[in-house]
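There are 2 protein chains.
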Amino acid sequence: MTTPAPGSPELARLSLNQKTTQRWSVPEAVEGCVQRGIPAIGLWREHVAATGVEASARAVREAGLRVSSLCRGGFLTADDDTARREALDDNRRAIEEAATLGAECLVLVVGGLPKGSRDLDGARERVRASLEVLAPAAADHGVRLALEPLHPMYCADRAVLSTLGQALDFAEPYPPDVVGVAVDTFHIWWDPDVRAQILRAGPRIATFQVCDWLTPLPCDVLMGRGMMGDGHIDFAPLRDAVAAAGYTGDIEVEIFNDDVWDADPHAVLDTTARRYVERVLRA
Amino acid sequence: MTTPAPGSPELARLSLNQKTTQRWSVPEAVEGCVQRGIPAIGLWREHVAATGVEASARAVREAGLRVSSLCRGGFLTADDDTARREALDDNRRAIEEAATLGAECLVLVVGGLPKGSRDLDGARERVRASLEVLAPAAADHGVRLALEPLHPMYCADRAVLSTLGQALDFAEPYPPDVVGVAVDTFHIWWDPDVRAQILRAGPRIATFQVCDWLTPLPCDVLMGRGMMGDGHIDFAPLRDAVAAAGYTGDIEVEIFNDDVWDADPHAVLDTTARRYVERVLRA
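Respectively, the protein sequence lines represent chains A and B. With the numbering used here as the guide, the letters of the first sequence map in order to residues -13 to 269. With the numbering used here as the guide, the letters of the second sequence map in order to residues -13 to 269.
Keep in mind that the hints were calculated from the coordinates and are not lab data. Since the structure is predicted, the reported quantities are computational estimates derived from the model, not experimental observations. A couple of the hints might just be wrong.
The list treats identical chains as one, so a pair stands whether inside a single copy or across any two.
[As the list claims (entries may be wrong)] The calculated lysine to any residue pairs, modelled on SDA-like cross-linking and capped at a C-alpha distance of 25 Å, are:
hint : residue 1 : residue 2
1    : K101      : E111
2    : K101      : R(-1)
3    : K101      : D206
4    : K101      : T86
5    : K101      : D75
The whole structure should be built from the sequences, with the hints applied where relevant.
This is the structure in structure tokens:
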């Protein structure tokens, strides 16, 4: 297919997660989205900090872009008091940033096992306890938290939430507009229960992120996310389940991949728009 | 602790999965087990083929070792008829080998997506259909199949069974002594539902395999299995769940790891026995 033109109704729900164009600053990514007719953007705190929160907020507002997510808070599993207090403080700042940016949600990657610890239950318990602090703070700022289950290969070092069902269990004590979940195809495509859990998620789906699963995995398994169509994921059943769950928000393309990061970001946006329509929308 | 002496009752349930001493032939691994006082062995078909099935069976029988498992059959997801027929034939041969060797079970790694396919449901359906053929064949030979859920990072290329719960669903139509499951700490430690599913497994637990989860994962993620104590897994709760499920069989140490494979196999057996007692039995 040819690349869908800016203004095409097929792009109406596409969001560029700014990690996909890692080398671009917030103003550059905003400008790229405007040129390419992509109406929404997922921001990252490291990029926002480099530009400044207020300046970033102004850039997206003046460009008329929606901010589909802010990535990310979390890392809530520390087992010593100082580190735990610092993590909560950092998440409070992230909530304020999300409010200033008008982000649809603040994505939380909850953290792995603390160094040297094997206490998986304890780490999960501290995530639960942290939410008791952060959910009210988020509600005060009108910010929605999005718990992100990460692929189980990151359980030890990045996120002790590994399935959508588990993330929903953690979210359950809170209203859906305060604690939602992130549905990311890369992390959950393998789950035999994935469609049932997406339906269960219903109004808790705070963001829908897409990218493909590549094999072989690269040496740095964080970088194994591929452009839709380059890997093994069939997006149609996941897209349909998310729609059946009632989600009508933006669909973010978030790709961590050295080849994608090395490419010209404008070309990456073209590919993103084309593959999104071809592999996610129309598939 | 000092290395437990041969004859120690603490070694009574220890089994050496022969992958842990990859460079040893069947006779060498059998001799190593005898010297080290390890009363059981998990055999691999490639090693058995090199020695010969009858000669391997004689070696373990004359040494008085139990054969806790034969690894492995499976790869049942092919979507063309020829490949599918070949896979079933190969599994029938594996069943015969398991019978000849007197193995407690034949471990099945079910296979990933066929090349170029994204039809995960279809691949799973073909596993289900293959079991309808293989379970009666196994029963005829008095062989028990052990469905092994592999870590979800292998879903695309190695096993579309990713959780113990899913493996149990696949086993359910068959008697537990015909189709059981393999409980391997490396593959399932992250699962928030792991203890409930181990209890559910009950008499279907056909083998209990232990090794650790290392970070960072090596470039070849197949080789990320570590000696118990070198990684992130807390073995005690898994050991307790397996015991509560009623499993009293052998506990296999199965390690794919370049450093372990490069080491002197006798030293590896010493470490295996010591870490097994320290990290699995007494932890």
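Practice item. Go through the copies and call it for K101 and D75: within, between, both or neither, with a Cα cutoff of 25 Å. Key: Classified as within: same-chain Cα gap 21 Å, cross-chain 48 Å, threshold 25 Å.
Practice item. Measure nothing new, just compare the shortest in-copy and cross-copy C-alpha distances for K101 and D206 to 25 Å and report within, between, both or neither. Key: both (19 Å within a copy, 23 Å between copies)
Check your understanding: Taking 25 Å as the upper bound on the Cα-Cα distance, should K101 and T86 be classified as within, between, both, or neither?
Key -> Neither way: K101 and T86 sit 34 Å apart in one copy and 47 Å across, limit 25 Å.
Review point. Between copies, within a copy, both or neither: which fits K101 and R(-1) at Cα up to 25 Å?
Key: Neither: 40 Å inside a copy, 32 Å across copies.
Check your understanding: Between the shortest in-copy and the shortest cross-copy C-alpha distance, which are at most 25 Å for K101 and E111: within, between, both, or neither?
Key -> Result: close within a single copy only, 17 Å intra versus 41 Å inter.
Violated hints, listed in ascending order, are 2 and 4; each of the other numbered hints is respected by the structure.
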